[in-house]
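Construct the entire structure; sequences and hints are all you get.
Protein sequences appear in the order of chains P and C. The numbering used here puts the first sequence at residues 30 to 160. The numbering used here puts the second sequence at residues 66 to 293.
If you are wondering where the hints come from, they were derived from the structure by calculation, not from laboratory data. All of these numbers come straight from a predicted model, not from anything done at the bench. Treat each hint with caution, since some may be false.
[As the list claims (entries may be wrong)] Here chain P is said to cover these stretches of chain C; the calculated rule only asks that three of the stretch's residues, wherever they fall, bring their Cβ under 8 Å from a Cβ of chain P:
(1) 168-177
(2) 242-256
(3) 277-284
[What the hints assert, rightly or not] Restraint ranges, calculated between C-beta atoms of paired labels, are given here:
(4) C:Met128 x P:Ala144: 20 to 30 Å
(5) P:Ala133 x C:Leu234: 15 to 25 Å
(6) P:Arg157 x C:Leu192: 51 to 61 Å
(7) P:Gly71 x C:Lys110: 33 to 43 Å
Even glycine gets a Cβ: it sits at the ideal position worked out from N, Cα and C.
The primary structure of each chain is shown beneath.
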Amino acid sequence: MASDPETPGENLDLAPGDERIGGSGVARGVRGYVIGLVLAAGLTAASFYLAGSRLVWGPGIPVALIVLAIAQMGVHLVFFLHLSTGPDSTNNVLALAFGVLIVALVFVGSVWIMAHLNANMTMTQVMRMQR
Amino acid sequence: MSASTSASAAPSARAAWDDPNRVGHHGHGHGGEATGHGQGGPASKRIITGYGFWIYLLSDIVMFSAFFAAYAVLADATAGGPGARDLFSLTNVAVETGCLLASSFACGMASIAASVRSQLWTQILLLVTGLLGFAFLVLEAREFAQLVVEGAGPTRSAFLTAFFSLVGLHGLHVSAGLLWLGTMMAQIWAKGFRPNMMRRLLCFTLFWHALDIIWVALFTIVYLMGAG
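Here it is as structure tokens:
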């Protein structure tokens, strides 16, 4: 094991997506993916059920859907991409945090600004644009 | 002699006390492997490749965020045409989601099979991954074709332009992933589990799982919040 630097052993560092495969590691690796699959499928089913139901107060449905989606992304990151709090994935977590910041700035910033522009638009401006 | 023994024993005892999570434990006792923590030299090539590809994936997600922002802003700009509520079939989207999730799972199984060097299972599981991904693409192409036939093509309104760009961009990534997958199956078959092959497989699994994460955001924002 030690002679093959590309094989992720118990004590070596892990890149994201790597398995910790030892002698009995296959069962453990499969179990991790199965847990991830069950959680992700459950969250997906909950989203699809919630979207068409009256279970939640109407205006609250988008918020519930966003929460479920973020939870499912977390499940994917932990169980499929093997992101962890361990020292092996510190760099990856920091890069992810920066990525999330940029995504939030682009998405929330666009929605926020465009909503205000729409709200502040007068009727004559709208009509001039449609001409 | 006894003084030097106690002096060398003291730091390790103190280290275990100061460092209960063994954060500083790397670099000891596994044949001088590089850890990337400044102990034993630079990190292995596999770690560096994985990190570099992770950076690429994040930049790809940032690009997707711009398409998501455009869609969210233009979702109501239907120009008198059909809106999200009139167009989307949630059953179709649910099947697509199932295909992509199962494909992602099969891809993870393939990476386990490759880590124990099983050529047969790696090929089978990668084939399953590819077939499920292809089924997803077929469903998406059918949906697109049906929309165009109904007169709701990308030129109909700003909403539909944003929709086709966003979902089409994801579909384009899946198509590229399928090409990559086919090439890599042939390479693993011909060259075996060489270190560079294992690194390519690692990058592919990262790419495939990331596409599934983007799809989660996509079916939530586009389909569920649109049709709900």
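Status of each hint after checking the structure:
Note: the segment 168-177 of chain C has 6 residues with beta-carbon separation from chain P under 8 Å; the three-residue rule is met and the coverage holds. Figure legend: the segment 242-256 of chain C, annotated as covered by chain P; annotation inconsistent (0 residues with Cβ-Cβ distances under 8 Å, at least 3 required). Counting residues of the segment 277-284 of chain C whose beta carbon lies closer than 8 Å to any beta carbon of chain P gives 5, which meets the minimum of three for the stated coverage. For C:Met128 paired with P:Ala144, a C-beta distance near 23 Å keeps the hint of 20 to 30 Å intact.
The hinted window of 15 to 25 Å between P:Ala133 and C:Leu234 holds, with their beta carbons roughly 20 Å apart. In this structure, P:Arg157 and C:Leu192 meet the distance hint of 51 to 61 Å, their C-beta atoms being roughly 58 Å apart. In this structure the hint that P:Gly71 and C:Lys110 lie 33 to 43 Å apart at CB holds, the actual value being about 38 Å.
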